Amino acid sequence: MSGSFFGLNIARTGLFSSQRALQITGHNIANANTPGYSRQRLNVTESNPIGIPGGQGMQGTGVDTTSIQQIRDAFLDFKIRKEFTTSGEWEPRLEALQQIEAIFNEPSDSGIRKVMDEFFSALQELSEGEKADNLTVRAQVRQRGIALAKTLNHMYNQLSDMQKNTDFAVETTVDQINGYAKEIAKLNKQISIYELDGSHANDLRDQRNLLIDKLSELVDIDVKEIPNGNSENLGTNMRIMIGGNILVSNENYNTLKATPREGLNNYLDQPRLLEIKWEDGTTFSCRGGKLKGLLDVRDNIDGKEKGIPYYMDKLNKFTTTFILRFNMQHGSGYGLAGAGTGIPFFNSAYLMKIPDTTPATPVPAGYKYLKDTNGNTIKDADGNFYITKDIDYGGMQYVSNVDINALGGNSDADIIQKFEEKNQGYTLFKVEGASGSVWLKMKIVKAGDVDISNEIYNNLNNIAAGKKAYDSDSDGVLDSALTGDGSNALALNELRHDGNMFAWGTPDDYFKSLISNLGVDGQEAVRMVDNQAVLIKDIDNKRQSISGVSLDEEMTNMIKFQQSYNACARMITVVDEMLDKIINGMGVVGR
Amino acid sequence: MRITNSMMSNTMLLNLNNNLRRLDKWNKQMSTGKKFTMPSHDPIGVSKSLGLNTAVAEIERYKKNAEDSLSWLNITESAVEDIGNILQRARELAVSADGTETKEDKQKIKVEIDQLKEQLIKVANSTYSGKYIFSGYKTDQKLLDNNGIYLIDSKNDEKMEYEVGTAERIDVNTLGHKLFGIDVGSLDTLNTNEAAEGNKAQLIAVFDDLSNSLDTDNQAGIEKALGRIDEHMENVLQIRGEIGVKTNRMEMTINRIEKDVINFTELLSKNEDADMAEVIMKFKNDENIYRASLSVGAKVIQPSLVDFIR
Numbered sequence: 001m002s003g004s005f006f007g008l009n010i011a012r013t014g015l016f017s018s019q020r021a022l023q024i025t026g027h028n029i030a031n032a033n034t035p036g037y038s039r040q041r042l043n044v045t046e047s048n049p050i051g052i053p054g055g056q057g058m059q060g061t062g063v064d065t066t067s068i069q070q071i072r073d074a075f076l077d078f079k080i081r082k083e084f085t086t087s088g089e090w091e092p093r094l095e096a097l098q099q100i101e102a103i104f105n106e107p108s109d110s111g112i113r114k115v116m117d118e119f120f121s122a123l124q125e126l127s128e129g130e131k132a133d134n135l136t137v138r139a140q141v142r143q144r145g146i147a148l149a150k151t152l153n154h155m156y157n158q159l160s161d162m163q164k165n166t167d168f169a170v171e172t173t174v175d176q177i178n179g180y181a182k183e184i185a186k187l188n189k190q191i192s193i194y195e196l197d198g199s200h201a202n203d204l205r206d207q208r209n210l211l212i213d214k215l216s217e218l219v220d221i222d223v224k225e226i227p228n229g230n231s232e233n234l235g236t237n238m239r240i241m242i243g244g245n246i247l248v249s250n251e252n253y254n255t256l257k258a259t260p261r262e263g264l265n266n267y268l269d270q271p272r273l274l275e276i277k278w279e280d281g282t283t284f285s286c287r288g289g290k291l292k293g294l295l296d297v298r299d300n301i302d303g304k305e306k307g308i309p310y311y312m313d314k315l316n317k318f319t320t321t322f323i324l325r326f327n328m329q330h331g332s333g334y335g336l337a338g339a340g341t342g343i344p345f346f347n348s349a350y351l352m353k354i355p356d357t358t359p360a361t362p363v364p365a366g367y368k369y370l371k372d373t374n375g376n377t378i379k380d381a382d383g384n385f386y387i388t389k390d391i392d393y394g395g396m397q398y399v400s401n402v403d404i405n406a407l408g409g410n411s412d413a414d415i416i417q418k419f420e421e422k423n424q425g426y427t428l429f430k431v432e433g434a435s436g437s438v439w440l441k442m443k444i445v446k447a448g449d450v451d452i453s454n455e456i457y458n459n460l461n462n463i464a465a466g467k468k469a470y471d472s473d474s475d476g477v478l479d480s481a482l483t484g485d486g487s488n489a490l491a492l493n494e495l496r497h498d499g500n501m502f503a504w505g506t507p508d509d510y511f512k513s514l515i516s517n518l519g520v521d522g523q524e525a526v527r528m529v530d531n532q533a534v535l536i537k538d539i540d541n542k543r544q545s546i547s548g549v550s551l552d553e554e555m556t557n558m559i560k561f562q563q564s565y566n567a568c569a570r571m572i573t574v575v576d577e578m579l580d581k582i583i584n585g586m587g588v589v590g591r
Numbered sequence: 592m593r594i595t596n597s598m599m600s601n602t603m604l605l606n607l608n609n610n611l612r613r614l615d616k617w618n619k620q621m622s623t624g625k626k627f628t629m630p631s632h633d634p635i636g637v638s639k640s641l642g643l644n645t646a647v648a649e650i651e652r653y654k655k656n657a658e659d660s661l662s663w664l665n666i667t668e669s670a671v672e673d674i675g676n677i678l679q680r681a682r683e684l685a686v687s688a689d690g691t692e693t694k695e696d697k698q699k700i701k702v703e704i705d706q707l708k709e710q711l712i713k714v715a716n717s718t719y720s721g722k723y724i725f726s727g728y729k730t731d732q733k734l735l736d737n738n739g740i741y742l743i744d745s746k747n748d749e750k751m752e753y754e755v756g757t758a759e760r761i762d763v764n765t766l767g768h769k770l771f772g773i774d775v776g777s778l779d780t781l782n783t784n785e786a787a788e789g790n791k792a793q794l795i796a797v798f799d800d801l802s803n804s805l806d807t808d809n810q811a812g813i814e815k816a817l818g819r820i821d822e823h824m825e826n827v828l829q830i831r832g833e834i835g836v837k838t839n840r841m842e843m844t845i846n847r848i849e850k851d852v853i854n855f856t857e858l859l860s861k862n863e864d865a866d867m868a869e870v871i872m873k874f875k876n877d878e879n880i881y882r883a884s885l886s887v888g889a890k891v892i893q894p895s896l897v898d899f900i901r
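Chains A and B, in that order, are what the protein sequence lines are. All residue numbers in the first sequence are consecutive under our numbering, ending with 591. All residue numbers in the second sequence are consecutive under our numbering, ending with 901.
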């Protein structure tokens, strides 16, 4: 037999649960635009019924609120984080490639192509015998040469600066990762304290999920949440790993440390680039995310993920071979007014070819004859000698044919590539000798260091336009080009059409290949970033579809809960009226 | 699928952004007039463009070279023409001294022959913008002295070559010894071998000999000179012919290069210039789409149940 006030109690549970449901609706609406927010729902159940004696069954006692649950799909979180990692990796790559495109500045009217065109055009003019001794034309050749050197310098320095800036971005990213790790650990602690009694720390979990999403953009992470013991009430242990090492384990976290590197990874690296390690000194490795993208951009010299060093290296190799070949040809000619032979045009004279018509000439100061491994002087098929000079960049060494065979290359390009793989900072160079071709190895000249030589800078007569010499001071030594001889300038011009100068062909072809490589890489990066954006959007939509707040839905719920509240209140009125009848309206018969 | 408000606004934002990006692309093409401005826009197009630009720059240089060679050839031709005229006049004079002339008349002819010889030496030292044109590479030195003696070595390999196409060259200068010959041994056989400093020019020697014969009334000498002058005239004509052929060739080359410039510029334009009509059409089209998406967006976002609950 239920008591008189039993109905009041049932209605009260209804009032309270409707009220709570309305509050949760309000919370959902209030957070409709909060990033990372997952909508919440009040879980309710019938409260324990009481048995009615006499086999009449159970009597319901109202409603109980059990928990406030957030609605989300953990698998979608996992999926979207994978995509965040990929897009995080490609975004810095895209940004870097676009910057490199701007540095190479092609197609344009001021890029390297234009500078080369002008340089060779000036040489063409010099080659016209009538103008070979014209100082204006010579000054123009010098000026265009300076422009070419400066353009190479400029490109190199900009790439260099870019590497430095990327290094700074690496440091910032490491700080960010550490910051997230710390915050996540803090949240983990709060969550586990809160959830000890089996409740759900919904809003804290939302915050944590958001942080993990952000972290997943920076680095590839594995996230695991393991229940503590068997009982649900003991809470969970959350663990984040990077490449098998623990970043966050519940309320503890490890940090990454960026310390300046001792040696250089690549010969053209800036000194003291940052290396990332775990705080305790363990090696750190990551396979994705913004950090991986930045490290590739900063460090990668070859392979699929070409970074800044790849382009610097290519620029250097172009510079080295081009100016060396140019110097060789230039040095075999004669300048005006007793200027003689063996003058480098650019400031990197590893090798000079001088004609055998001047064996009587002492080798110019600082030069020496190039000798093969047997100690014999190397001569080319026309009987020219090779002389070398050590300028600022160190000497050059002879590489025997045996070494070339040991490399096992099939074509020239193949040989060069195999050699470069094994000898960083050096490149290989072939000259036609009297007894077959001779391979020479040389240290790579940095494009940032190239300039025209002091000889050319100080004296226009030193530009060797001519091939034929005469004895200008009657001392029995041929020492000066004839005024109308532009044949060496013509030969210098021909270098432009030398398809064997590079594995990629002529100097023009080299830049064409480099630029189109850059373009293809850039295109891929654009495509990857776009595709990732679509993928992320797609998964995020799915996530939103489950966890997002729909205002229409909340409004409907609001009305639903409001009506339910009203109905419960009405129920109380009914019971009230019943009690009124009992208390005030009963036992007054005949009054 | 359950749709929520933020999904709708996110999707709309993404689409609006995509539309705007397309507008930006067309806008860039319109304002630069180019189909691409960065290698990643079209790697193949860009590398083609680089090659074509270089080709245009090169052929424009070749055109300049060809034009320069033409001026040089023209100057040379007029000098050689002068030589021809001098020889012609000398021949006429030699013919007129046919034996019926008196000694005094021959003396008068001799004076003119001497004048012609001097003229010949002047022509041998002709200049073009301050350069001696017949001196080979020694453009700063005179070919002959006043007596017709070579002041310099005149070598066969002192050819001034101008590049007028990839690996296409023309030698523009005529070497002095080819025109004036050297006097070693006989004057009767034409000798245009290389001259060394101190050699006497054969043509001048012929004139000297003629002058001498006229002076001494040596009829046999005058007769001989006639034959020698004929031989030299033949030689000069041949050289003049060669120059004429070269001039002709250069004129044709310039014509061809001019056509090349047009062709390459056209190719370049086809490769990299944006088709304005097409771009504007596409721009307008995308602009409409953008406007539509904006107005739909404005309608989609606003109403919700909130607006209808009293």
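None of these hints come from the bench; they were simulated from the model. This structure is a prediction, so every number in the text was calculated from the model and none was measured. You may find that some hints are simply not true.
[To be verified] Computed footprint of chain B on chain A; a stretch qualifies when at least three of its residues, placed anywhere within it, have a C-beta under 8 Å from a C-beta of chain B:
| no. | region |
| --- | --- |
| 1 | 103-110 |
| 2 | 264-273 |
| 3 | 279-289 |
[Said to hold, decoys possible] List time: in silico SDA-like cross-link candidates among lysine to any residue, alpha-carbon distance up to 20 Å:
| no. | chain 1 | residue 1 | chain 2 | residue 2 |
| --- | --- | --- | --- | --- |
| 4 | B | Lys625 | A | Gly111 |
| 5 | A | Lys114 | B | Leu607 |
| 6 | A | Lys537 | B | Arg680 |
| 7 | A | Lys317 | A | Ser453 |
| 8 | B | Lys626 | A | Ser453 |
| 9 | B | Lys616 | A | Lys114 |
Idealized CB from N, CA, C, for every residue including glycine.
Evaluated hints:
1. Residue count for the region 103-110 of chain A with a Cβ under 8 Å from a Cβ of chain B: 3. That meets the three needed, and the coverage hint holds.
2. Only residues whose C-beta sits within less than 8 Å of a C-beta in chain B count toward coverage, and the region 264-273 of chain A has 0 of them, not enough to reach three; the restraint is violated.
3. Only when three residues or more bring their CB closer than 8 Å to a CB of chain B does the claim for the region 279-289 of chain A stand; here the count is 0, and the claim is violated.
4. A C-alpha spacing of about 16 Å is found between Lys625 of chain B and Gly111 of chain A, which places the hinted pair at or below 20 Å, so the restraint holds.
5. Using a Cα cut-off of 20 Å, the hinted pair Lys114 of chain A and Leu607 of chain B is violated, with the two alpha carbons roughly 39 Å apart.
6. Between the alpha carbons of Lys537 of chain A and Arg680 of chain B the distance comes to roughly 96 Å, so the proposed pair goes past 20 Å and is violated.
7. Distance restraint check for Lys317 of chain A and Ser453 of chain A: the Cα-Cα separation of roughly 19 Å lies within the 20 Å cut-off, and the hinted pair is therefore satisfied.
8. With a C-alpha separation of about 40 Å, the suggested pair Lys626 of chain B and Ser453 of chain A falls outside the 20 Å cut-off, and the hint is violated.
9. Of the pairs offered as hints, the one joining Lys616 of chain B and Lys114 of chain A is violated, with about 26 Å between alpha carbons and a cut-off of 20 Å exceeded.
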